[in-house]
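Student: Go by the hints and put chains B and C onto chain A.
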Amino acid sequence: MVKNTYMRWRLPLVCLLWEVAMIVLFGVFVRFDPEADAHWKEEQRQKNLTSDIENDFYFRYPSFQDVHVMIFVGFGFLMTFLQRYGFGAVGFNFLLAAFGIQWALLMQGWFHSFENGKILIGVENLINADFCVGSVCIAFGAILGKTSPVQLLILTLFQVTLFAVNEYILISLLHVKDAGGSMTIHTFGAYFGLTVTRILYRPNLEQSKDKQGSVYHSDLFAMIGTLYLWMYWPSFNSAVSNHGDAQHRAAINTYCSLASCVLTTVAFSSLLQKKGKLDMVHIQNATLAGGVAVGTGAEMMLTPYGSLIVGFLCGIVSTVGFVYLMPFLESKLHIQDTCGIHNLHAMPGLIGGIVGAVTAAAATEKVYGKEGLISAFDFTGDYKDRTPSVQGGFQAAGIFVSLAMALAGGAIVGAILKMPFLGDPADENCFEDDVYWEVPEDEESGLYHMHDPTLKPVTS
Amino acid sequence: MVKNTYMRWRLPLVCLLWEVAMIVLFGVFVRFDPEADAHWKEEQRQKNLTSDIENDFYFRYPSFQDVHVMIFVGFGFLMTFLQRYGFGAVGFNFLLAAFGIQWALLMQGWFHSFENGKILIGVENLINADFCVGSVCIAFGAILGKTSPVQLLILTLFQVTLFAVNEYILISLLHVKDAGGSMTIHTFGAYFGLTVTRILYRPNLEQSKDKQGSVYHSDLFAMIGTLYLWMYWPSFNSAVSNHGDAQHRAAINTYCSLASCVLTTVAFSSLLQKKGKLDMVHIQNATLAGGVAVGTGAEMMLTPYGSLIVGFLCGIVSTVGFVYLMPFLESKLHIQDTCGIHNLHAMPGLIGGIVGAVTAAAATEKVYGKEGLISAFDFTGDYKDRTPSVQGGFQAAGIFVSLAMALAGGAIVGAILKMPFLGDPADENCFEDDVYWEVPEDEESGLYHMHDPTLKPVTS
Amino acid sequence: MVKNTYMRWRLPLVCLLWEVAMIVLFGVFVRFDPEADAHWKEEQRQKNLTSDIENDFYFRYPSFQDVHVMIFVGFGFLMTFLQRYGFGAVGFNFLLAAFGIQWALLMQGWFHSFENGKILIGVENLINADFCVGSVCIAFGAILGKTSPVQLLILTLFQVTLFAVNEYILISLLHVKDAGGSMTIHTFGAYFGLTVTRILYRPNLEQSKDKQGSVYHSDLFAMIGTLYLWMYWPSFNSAVSNHGDAQHRAAINTYCSLASCVLTTVAFSSLLQKKGKLDMVHIQNATLAGGVAVGTGAEMMLTPYGSLIVGFLCGIVSTVGFVYLMPFLESKLHIQDTCGIHNLHAMPGLIGGIVGAVTAAAATEKVYGKEGLISAFDFTGDYKDRTPSVQGGFQAAGIFVSLAMALAGGAIVGAILKMPFLGDPADENCFEDDVYWEVPEDEESGLYHMHDPTLKPVTS
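If you're matching them up, the sequences are chains A, B and C in order.
If you count the first sequence from 1, position 302 lands on 302 in the numbering used here, and the numbers rise without skipping.
If you count the second sequence from 1, position 357 lands on 357 in the numbering used here, and the numbers rise without skipping.
If you count the third sequence from 1, position 356 lands on 356 in the numbering used here, and the numbers rise without skipping.
Only chain A is shown next, with the shape it has when bound in the complex:
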């Protein structure tokens, strides 16, 4: 069957429609948070703030920028490992994230920053919008190379919506703590993406098998993504934590977990390979599992050695996943997971949820101090009588809610994406930039076909 991948009318239509909708909705709903509004001086006096430096901007902006880099360069370049899909990896990630953050500002705004009919946005909203889009970037990893940009924009629209609902249930209804998003971002995003790719199963994908690998320099480009994710993850997990010790602690715990994770990833990458050589796929991905798995617990008193243990385990789980579980998922469950997000986000996300629940349940006044305990878990207002062990239970519930939302939502959205007129590529054109991009000549006539001159440029 010949697929129609001609984008000329469909893609512009969706982009412009989506963006006009954003403008209208922003016009109706979005205004500045008082800390970003020109009236702030008055506000400041009322709050008895002595200095401009107490504007939330200075608490969170450096972390925001780090998170921003993770979403656009981190995820974007991590996915450039495919030899012929670098433009799609970086470019489509750019497109969906740029749309997603706008829609997330609205969706999350209605749930969390809605006052007198207006959504008031400040730097924390920007971070949360980036977080929300992070879950879409994760899902994108599962279907990388197999969808059209129109499909990706539709996916983003729905996934951001469901993300916001799930986040609202967890944070506002269950009063769950999840500052680094082990549950809301990673568990939800990964199982959502895995369900979508399951629905979009392509039985004949081996037709583009030759393009699913990397080339030398594409692996180096991917390492740019890996390192930025790895380095800035402490900012990710601490970006929306409480001011002061909580942000400080979240950064330290994440730093420790990630460091430990690198060692076990290297160990198992070598151990599980007959020739004992390291596999770039593991180094690019499994080294990050430690950051995922302390997403919930990092701001708690997980302690540095606790973080090392979590990172230690996740490096192993993730690498083993790449070697043994991934082929099994593809052959038996028909889950074609291009980037291996099951290993990097799904399993470590679940572990992160569990670590968070256990750490919360184990919290004591001795460890946190009376005030510290209340502040860490926000045991105030309606929740002032909640105990750590009850909190642990709610945290655990949050995992299941996220999982359920991801599976149900992924199934529905996957079905929507199967609609025939969305321009997805044929099996033999998957993982191929040439379908949606003007590709410079060298790629077609040179590099790629060098070692097999019988291959001809693919025409879409």
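Hint data in this document are derived by calculation from the structure and do not stem from the laboratory.
Since this is a predicted model, take the numbers as computed values, not measurements.
One or more hints might be untrue.
No distinction is drawn between identical chains; accordingly, a pair holds when it is met within one copy or between any pair of copies.
What the hints assert, rightly or not - Straight-line C-alpha distance at most 20 angstroms; calculated PhoX-like pairs for lysine-lysine:
(1) Lys366 to Lys41
(2) Lys418 to Lys3
(3) Lys366 to Lys118
(4) Lys3 to Lys211
Tutor: Here is chains B and C on its own, set in the frame of chain A:
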């Protein structure tokens, strides 16, 4: 005509001369700002500052570093898209920026930070020096691949000088607000560069046509530049705004404008191409126009939806510019604009100036608060009776002044650069690293000539 | 002699052993600093801190992240210039740094943050751990391509230990100031690495001569490393300086020194080459010497023009070192220095120590203010009677101690690394990823052998 591109005596001479001059001038004039001086503790007590955190360093240093990355990695890598000019793009950008920031510290210092015969520099001066050099990087984009490093150093010397004069007229004489530099940086830098490239018109440039394109990996390198510019632009536009809400607001507005711009760039890139495929040139450049166009207005109460609208329009204008205007400029006006700065900086810069003028003119006490209005536009001292609508008029005047300075200055500097002994390359050697760099062998014997074995390495 | 480079049991064993040891030691010793502990609210009240923003996190976290990028992306990518060793450069740097920061937290903690049997860690410890690992990354540069990952992990273990001892002697016993580590990081790290590579001398290394060069794109990857090191060096030199003016000043001085250094590097790169063309090796490395050489003095009142002079000289010294000294070191002293760390770190590090000693000795109350002088050199407690000139003497002593520790330590560790079962590559397999990594096919069959089809893939 054989060109003499031998740099051995000329380039070292200019570098050393320029640098010795810097040392002498710094020795005579440059000292630390009180906030960076060891006497600060005493200063602090006099100012009743209660904490070290109120040092301006902590308000601005994270933004400074982001701006720094934009200048050196952002602009540098954005220009690596040319297949054989990566060293020149990154390397010459590095050279001219490193010299330019020193000269800018002096020039801007004499105009703005001169006290008792000394220029006192702090973190804000570093940001402004980077800003000033940004305008040179923009101009460099127009002449990329067609000039010698000696020409670039001369260009930098003059352009920084003129930038500082223009900035002084706008900021100090006209009392114009332009924190993100739509006028001072983008309009000035772009029209300056376009005028220079017009003067340096090469009628036979098609002789190096084959090198004006990209190869697959050079396009990915360029995306590193694009993304860092895109991600850090909120820092750029907020870096020198007033402490507190103004910085906060500028970052939010820029974030919104840029997000919107990506969607319309993608839409029009696909729409304007017969095959409906996306063009990397548009993604690399037009997505950034939204940041340029809120350079003046971002710190004002432009509002998030206002920013979305600006970004929306600029994505369209910029992409249309690449497709229709650029060939016209080259064939009819003889403006050979290597990187398309007319589309990314010139037109969006003008739009940015207009947006700023309109936003200023529309400012009211209701929207800003009484105090907020005074603080936002600095209606104090000599300007305490200026009204928003008058301010709008002055803002508009700033656009014309910048334009006039750019055209006149560019014409003069272009003429200077035509002097015959500056080592510019022959037409057939343009866009070719081999002229000024030791290039590793693979490039000459391998990659580049692969698809046409009849080509021979160019010897200069 | 056939070398056994099979890593399957050895590498996992070392990784797991090292990491389990870390977990146990962290469990026994490492806890949160009060500023990162949940009891902080109480602490804060006792210290009369009025705002959360006075948590040390906000003073240092942005600088920490910049330093983090320098260690992992900066050093990692700087070393990717080799055409076939990109995976090893980025990947092994990642591995050794991830282990090293953990061990450094312990070693430095015992010396500097040990209270009541516990090491209390906060953001400053994270920075110092990164600093310590920086010295290992430097040493790695000398032996790049010639060692196994097992050897690198052993090297890291010992070098971090010795670093901490040396640092303790300098900072605590001699009361030396060295915030940017000209002595503790660069002098120590470089001479340590040079001694190790001397001990590991390979007389037949010319067998892998063809792989010691770069290819076009590997030089661009290396420029990513260069630029991040260059841009973030102001953060590096100011990261652990005193709050307020000292951090501010250190950033400005470093900015100036680096800018100046670029100009003289370009000048001498062109001057020392017959054809007058620029050499990427110089641009990638010598431009950074200015940052190394103000590592000690940047936080002092070195002044901007003083910094320019230091950068000016170091650009020259470093470039001349690459052209004349490096071949001499290899042929006469048998020091095979892959990355030229002698030119980038060793000589500029020594210069930096001297500059620091002179600047300290020249300090006066007039320049610093009474309070400023005490605060800048911490002339309190046991040191309240120390004069600037005495301080200068101790600073000079610090250089010699660092040098002695480096030479003695390097000799011992070099000898340890010669043990035969550590899996180092044969001479003809040096600078070759294929020995320790799964390398995608293109590299073996395509790119690399393109210009000489008689070459065959190397099998280890």
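Student: Hints first: check each against the structure and report whether it holds.
Tutor: Okay, the hints, checked on the actual structure:
1. For the identical chains of this complex, Lys366 and Lys41 are inter-copy neighbours only, at 14 angstroms across copies versus 40 angstroms inside a copy, given an alpha-carbon limit of 20 angstroms.
2. In this assembly of identical chains, the alpha carbons of Lys418 and Lys3 lie at most 20 angstroms apart only when taken from the same copy (13 angstroms versus 55 angstroms across copies).
3. Proximity of Lys366 to Lys118 under the C-alpha cut-off of 20 angstroms is restricted to the inter-copy arrangement: shortest distance 17 angstroms between copies versus 42 angstroms within a copy.
4. Proximity of Lys3 to Lys211 under the C-alpha cut-off of 20 angstroms is restricted to the intra-copy arrangement: shortest distance 19 angstroms within a copy versus 35 angstroms between copies.
Taken one by one, the earlier hints all hold for this structure without exception.
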